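Quick note: the sequence shown uses the UniProt record's numbering, first residue 1, plus one each step.
It cannot be assumed that every hint is accurate.
Claimed, not checked - Across the chosen pairs, the derived CB separations fall in these ranges: (1) 9 / 54: 15 to 25 Å; (2) 64 / 31: 30 to 40 Å; (3) 47 / 15: 13 to 23 Å; (4) 73 / 103: 25 to 35 Å; (5) 73 / 33: 44 to 54 Å; (6) 106 / 133: 23 to 33 Å.
I should point out that these hints are in silico values taken from the structure, not numbers from a laboratory. If you're wondering where the values come from, they're calculated on a predicted model, not measured in any experiment. Glycine included, C-beta positions come from ideal geometry on N, C-alpha and C.
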Amino acid sequence: MKRRRHRPALIAFVVIAAAAFLALGWWQWGRFESTAGSARNLGYALQWPLFAVAAVWGYRRFVQLEDEAELQDRLVAEAEGGTDLAPVAPEDRVVARPAAPAALTAIPEGFLPSRAAAPSDPDTAPDDPAHDEYNQLLAELAGSEHIEEKK
């Protein structure tokens, strides 16, 4: 038999949050139906109930994960020896996941795309007439600005 622990504060929080989300959805629906309503109001009116469902689902998932953690603790304690905890029913036992494969020590050849060649040294750069012309133009502009600053 599963022993569930419910926390009244969390339940109250989820109920209040879900009620608030539904109220906001109702309010947005009213805004959509008004003369100043828009499609945005309709979108929000449909979103708020989804948030309410998400709050309830989140609490339910939290409880499930908490139960699984408690069950794992019981199984570990049982495996280590005697325990004062209640015995675990066979249907409550958690099946162990298979171990992860050993870590790769090297990346297989051809797995990654090839990289572009790194930029070369300016001294060993191939001759490019357009690039040389551009650099010459920049040098002339820099020289002309330097002359204008002296004036």
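Hints and how they fare:
The hinted range of 15 to 25 Å is satisfied by residue 9 and residue 54, whose Cβ atoms lie roughly 19 Å apart. Roughly 36 Å separates the CB atoms of residue 64 and residue 31, a value that falls within the hinted 30 to 40 Å. Separation of residue 47 from residue 15 is about 20 Å and conforms to the stated range, judged on CB atoms against 13 to 23 Å. Between residue 73 and residue 103 the Cβ separation comes to about 28 Å, which falls inside the hinted range of 25 to 35 Å.
The beta-carbon spacing between residue 73 and residue 33, approximately 53 Å, falls within the hinted interval of 44 to 54 Å. Checking the proposed 23 to 33 Å range against residue 106 and residue 133 shows it is violated: the Cβ atoms sit about 46 Å from each other.
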